[in-house]
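Novice: Listed here are the chains, written in short residue letters.
2 protein chains.
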Amino acid sequence: MTTTATTLHDQALAARVASRRLAATPAGVKNSALIAIATAIEANREKILVANEKDLVAARRDGLNFQMLDRMTLNAERVKDMADAARNIASLDDPIGEILESRDLASGLNLERVRVPLGVIGVIYESRPNVTIDIATLCLKSGNAVVLRGGKECILTNTVLAEIVKNSIETAGIPRDAVQFVESTDRALVKEMLEMDDVIDLMIPRGSADLVNFVGQNAKMPAITGGVGVCHTYIDVDAKLDDALAIVVNAKVQRPTVCNALDTVLVHQAIARQFLPELAIEFGVNNVELRADSRSMSVLDAIAGGAKITPARSDDFGTEFLALIASVKIVDSIDEALDHIAKYGSGHSEAIVSENVESVERFLTEVDAGVVFANTSTRFNDGAEFGLGAEVAISTNKLHARGPMGLKEITSYKWKVRGQGQIRQ
Amino acid sequence: MTTTATTLHDQALAARVASRRLAATPAGVKNSALIAIATAIEANREKILVANEKDLVAARRDGLNFQMLDRMTLNAERVKDMADAARNIASLDDPIGEILESRDLASGLNLERVRVPLGVIGVIYESRPNVTIDIATLCLKSGNAVVLRGGKECILTNTVLAEIVKNSIETAGIPRDAVQFVESTDRALVKEMLEMDDVIDLMIPRGSADLVNFVGQNAKMPAITGGVGVCHTYIDVDAKLDDALAIVVNAKVQRPTVCNALDTVLVHQAIARQFLPELAIEFGVNNVELRADSRSMSVLDAIAGGAKITPARSDDFGTEFLALIASVKIVDSIDEALDHIAKYGSGHSEAIVSENVESVERFLTEVDAGVVFANTSTRFNDGAEFGLGAEVAISTNKLHARGPMGLKEITSYKWKVRGQGQIRQ
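Protein sequence lines correspond, in order, to chains A and B.
Each position in the first sequence, counted from 1, maps to that position plus 531 in this note's numbering.
Each position in the second sequence, counted from 1, maps to that position plus 531 in this note's numbering.
No lab work stands behind these hints: they were computed from the structure.
The beta carbon of each residue, even a glycine, is placed where N, CA and C say it ideally should be.
Incorrect hints may have been included.
What the hints assert, rightly or not - With a Cα cut of at most 25 Å, we get these calculated SDA-like pairs of lysine to any residue:
hint	chain 1	residue 1	chain 2	residue 2
1	B	Lys751	A	Ala873
2	B	Lys771	A	Gly952
3	A	Lys939	B	Gly628
4	A	Lys874	B	Gln542
5	A	Lys751	B	Thr942
6	B	Lys751	A	Ser739
7	B	Lys874	A	Ala873
8	B	Lys874	A	Tyr944
9	A	Lys939	B	Thr942
10	A	Lys611	B	Gln956
11	A	Lys939	B	Pro626
12	A	Lys874	B	Asp708
13	B	Lys771	A	Arg949
14	B	Lys697	A	Glu897
15	A	Lys751	B	Thr850
16	B	Lys771	A	Ala637
17	B	Lys722	A	Asp729
18	B	Lys939	A	Glu629
19	A	Lys874	B	Pro706
20	A	Lys771	B	Glu643
21	B	Lys751	A	Gly738
22	A	Lys874	B	Glu726
23	B	Lys771	A	Arg955
24	B	Lys751	A	Thr850
25	A	Lys771	B	Gln956
26	B	Lys939	A	Tyr944
As the list claims (entries may be wrong) - A few chain A residues that face chain B, going by a derived Cβ cut-off under 8 Å, partial list only:
hint	residue
27	Leu640
28	Asp774
29	Leu930
30	Arg933
31	Gly952
Please put together the full structure from these sequences, using the hints given.
Specialist: What follows is the structure, given as structure tokens:
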């Protein structure tokens, strides 16, 4: 092992030691720490902005594109947003210590299932420096120590932010080791971090599909694989077509670059001739490119104007576009729609538009995804929309948490058993 | 890929297809299938016993030890136990479809979190043929398809049992593909099975620590790693010593070969001179060998009679003995006990004996394990004792289920969102 690797493992080990104290820290102390972080962020605004400007100078020199630069950039308002986010986390209920069930056994033993932290969470993330504050505060509130590994491009900003967090929690009486920030930007450290299942309980990757997949495939500890959504909306024979049009357009265009945006429209054959031309026109207005299967193509050939339409290739199904592109396919029945989604969906967000209660309930029951929608937009798969107060990730795992993950979803439980000398017969 | 591997993957894929229908199968149908299995087991008793006798002949020829032969052996009573186990699972509540939470959002959307099956569960197990029935019935009841890979030694018995299960569920209207049994005993198939994360959602190893570790390290899908317990009992300065003695002896000797049996006794220094000699005598009566740290040794040196006592080597701490052996260590304080458990425990079952409420609560809160006990025996970490009705495994994972796993613990959830045309702003 290299010296650097030893250092990273030492950091994770220090986090593990601190996690034991953090797990038993009362809500009041954790909330004071979160408020202290918010105050310190605002007090150190200039320092943060100076570091961010240096990161931006380097990023421009390295030729990063406009989108990346925009995501990296902090200003007075974004700094205030970070402070407000920390205050918001302080205002949420403490999930730790919640008694999930309690019962007395025949033996007289009392059984209690209690919510506890996971321990140490590792987070690998890219670009946006606010993730440093978001994740550190979510982990603190949920009693988890954290090892943060941010992207090279924001290293100076993140270093300042992490130092603010560590100083603030120390003032509040939480060991500063509970938050670890990896200062080296050596890429080899990512792989090494993924092997530290002796000290890290859960990995959360936040970034591109490549990053998420890399973590999913290489992490020896459990990892949240999420953020990749191949999202379908099925327009049933019994759909209200006005609703269907508004829902599909919203799901595609309201924010096309995110995981819960629509990728594929499945249209029942009996309403395709009516629906598809209207869709093509609406997509045209919104600059959405349509990739049509051969049956849809034959319907759409006839219409003038509207969206750019090209014949779909096979890989246009099962693809997350993250852009103003949607594939469309005509299906003969809800069964064909269900089969298509079972084959091509990523278990993220799937929707049906139908006024037929039986079809709706069948779709909601039979589609295997974290969140299944009826008569609304897949864009609602979101922690804030679900009222979770904060979002760590959107999980497509089936074990542990599924769908939007808030504070409770980064906790575990333990059983406490209280007896009076009972022994087993 | 070899032909055999293709076949196994085909089996798992068939299970995945069947799992979609099984997930939507009502409780009544599943229970009929379970009752049909019980009836068929009893009707085919002779056939089962003949196959088992052939397995036993081969096993004796291969020189398997008495313990293995005993675990493999079926007789009329054990066959009846299998049938009864299937009937018991039929009598339990169906976990699937349970609404875990429901709320209306400001947008008017209704949000429902519903319990669903995981999908396809892979199980690798050894020796006891009743595991075939136990696991198949637990999976059916929880709506999961299953791929069963039993040990070579029971291949003929397991093949007959699996055929009974498949025929019975088919009669009840469940696709026979929902239960897959791997007939080849080629060991290479285990490794290949662990790579099929495209079709298997969860792996459950049931068997030796070696098997559990192999699955934990090699499975590409999530795996339940459990069954390995390094279990401590800490005798506090405020312990009722009679209780402490009874609890420690029970935890060690009631069934020494299982995962929740005691491995290490930690004794507070202030009561060590009183407690340890009594323990040595009781352990002597029960043929338990004591491996004592140097401080305990100096206390125990003085006493005559009692257990065989040898100086503990460093690897006697952190070891699961699975035999009539226990290590013992004197600690200066509850803090030292907590540190020892944090270092050497496996997160399975840990106990304190103390009349001091503050010490008890501190121990229950600060020890990081699936089940933490106060004033009772670690032997109570068990699905039946917890009232779960049935047990899949005892998990030492921190994600998903922790501690004894019953039906609910092999399920997931999904969110169902019902709208009336809402779009996101």
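Novice: Hint by hint, note whether the structure agrees.
Specialist: Hints, verified against the model:
1. The suggested pairing of B:Lys751 with A:Ala873 holds, with an alpha-carbon distance near 21 Å, which does not exceed 25 Å.
2. A threshold of 25 Å between alpha carbons decides the hint, and for B:Lys771 with A:Gly952 the separation of about 9 Å falls inside it, so the pair holds.
3. Taking the CA atoms of A:Lys939 and B:Gly628, the gap is near 22 Å; set against the 25 Å cutoff, the hint holds.
4. Distance restraint check for A:Lys874 and B:Gln542: the Cα-Cα separation of roughly 17 Å lies within the 25 Å cut-off, and the hinted pair is therefore satisfied.
5. Distance restraint check for A:Lys751 and B:Thr942: the Cα-Cα separation of roughly 23 Å lies within the 25 Å cut-off, and the hinted pair is therefore satisfied.
6. Simply put, B:Lys751 and A:Ser739 have alpha-carbon atoms about 21 Å apart, close enough for the 25 Å limit, and the pair holds.
7. Between B:Lys874 and A:Ala873, the direct Cα distance comes to roughly 45 Å. Violation of the 25 Å bound is thereby established for this hinted pair.
8. This hinted pair checks out: B:Lys874 and A:Tyr944 have alpha carbons roughly 20 Å apart, not beyond 25 Å.
9. Of the supplied pair hints, the one linking A:Lys939 and B:Thr942 holds, its CA atoms being roughly 18 Å apart against a limit of 25 Å.
10. For the given pair, A:Lys611 sits about 23 Å from B:Gln956 by alpha-carbon distance, which is consistent with the 25 Å threshold.
11. Proposed proximity of A:Lys939 and B:Pro626 is supported: the alpha carbons are some 22 Å apart, at most 25 Å.
12. Note on A:Lys874 and B:Asp708: the hinted pairing holds, with a Cα-Cα distance of about 18 Å set against a maximum of 25 Å.
13. Using a Cα cut-off of 25 Å, the hinted pair B:Lys771 and A:Arg949 holds, with the two alpha carbons roughly 15 Å apart.
14. Proposed proximity of B:Lys697 and A:Glu897 is supported: the alpha carbons are some 23 Å apart, at most 25 Å.
15. Only pairs whose Cα atoms come within 25 Å are accepted, and A:Lys751 paired with B:Thr850 is accepted, the gap being roughly 23 Å.
16. The suggested pairing of B:Lys771 with A:Ala637 holds, with an alpha-carbon distance near 23 Å, which does not exceed 25 Å.
17. For the hint linking B:Lys722 to A:Asp729, the alpha-carbon distance of about 23 Å falls within 25 Å, and the restraint holds.
18. Proximity of B:Lys939 to A:Glu629 is assessed by CA-CA distance (about 20 Å); at most 25 Å being required, the pair is judged to hold.
19. For the hint linking A:Lys874 to B:Pro706, the alpha-carbon distance of about 20 Å falls within 25 Å, and the restraint holds.
20. A hinted pair counts as satisfied when its Cα atoms are at most 25 Å apart, and A:Lys771 with B:Glu643 qualifies at roughly 23 Å.
21. Between B:Lys751 and A:Gly738 the alpha-carbon distance is near 22 Å, which keeps this suggested pair within the 25 Å criterion.
22. Only pairs whose Cα atoms come within 25 Å are accepted, and A:Lys874 paired with B:Glu726 is accepted, the gap being roughly 19 Å.
23. A distance of roughly 18 Å separates the Cα atoms of B:Lys771 and A:Arg955; the hinted pair therefore holds under the 25 Å criterion.
24. Our distance criterion of 25 Å between C-alpha atoms is met by B:Lys751 and A:Thr850, whose separation comes to about 23 Å.
25. Under the criterion of a C-alpha separation no larger than 25 Å, the hint pairing A:Lys771 with B:Gln956 is consistent with the structure, at around 20 Å.
26. The straight-line distance between the Cα atoms of B:Lys939 and A:Tyr944 is roughly 15 Å, inside the 25 Å bound, and the hint therefore holds.
27. Hint status for A:Leu640 relative to chain B: holds, with the closest Cβ pair at about 6 Å, below 8 Å.
28. The beta carbon of A:Asp774 is positioned within 8 Å of a beta carbon in chain B (closest approach about 4 Å), and the interface hint is therefore held.
29. Interface hint at A:Leu930: satisfied, since its Cβ lies 4 Å from the closest Cβ of chain B, which is below the 8 Å cut-off.
30. Because the smallest distance between the Cβ of A:Arg933 and any Cβ of chain B comes to about 6 Å, under 8 Å, the interface hint for this residue holds.
31. Because the smallest distance between the Cβ of A:Gly952 and any Cβ of chain B comes to about 4 Å, under 8 Å, the interface hint for this residue holds.
In summary, the one numbered hint that this structure violates is 7.
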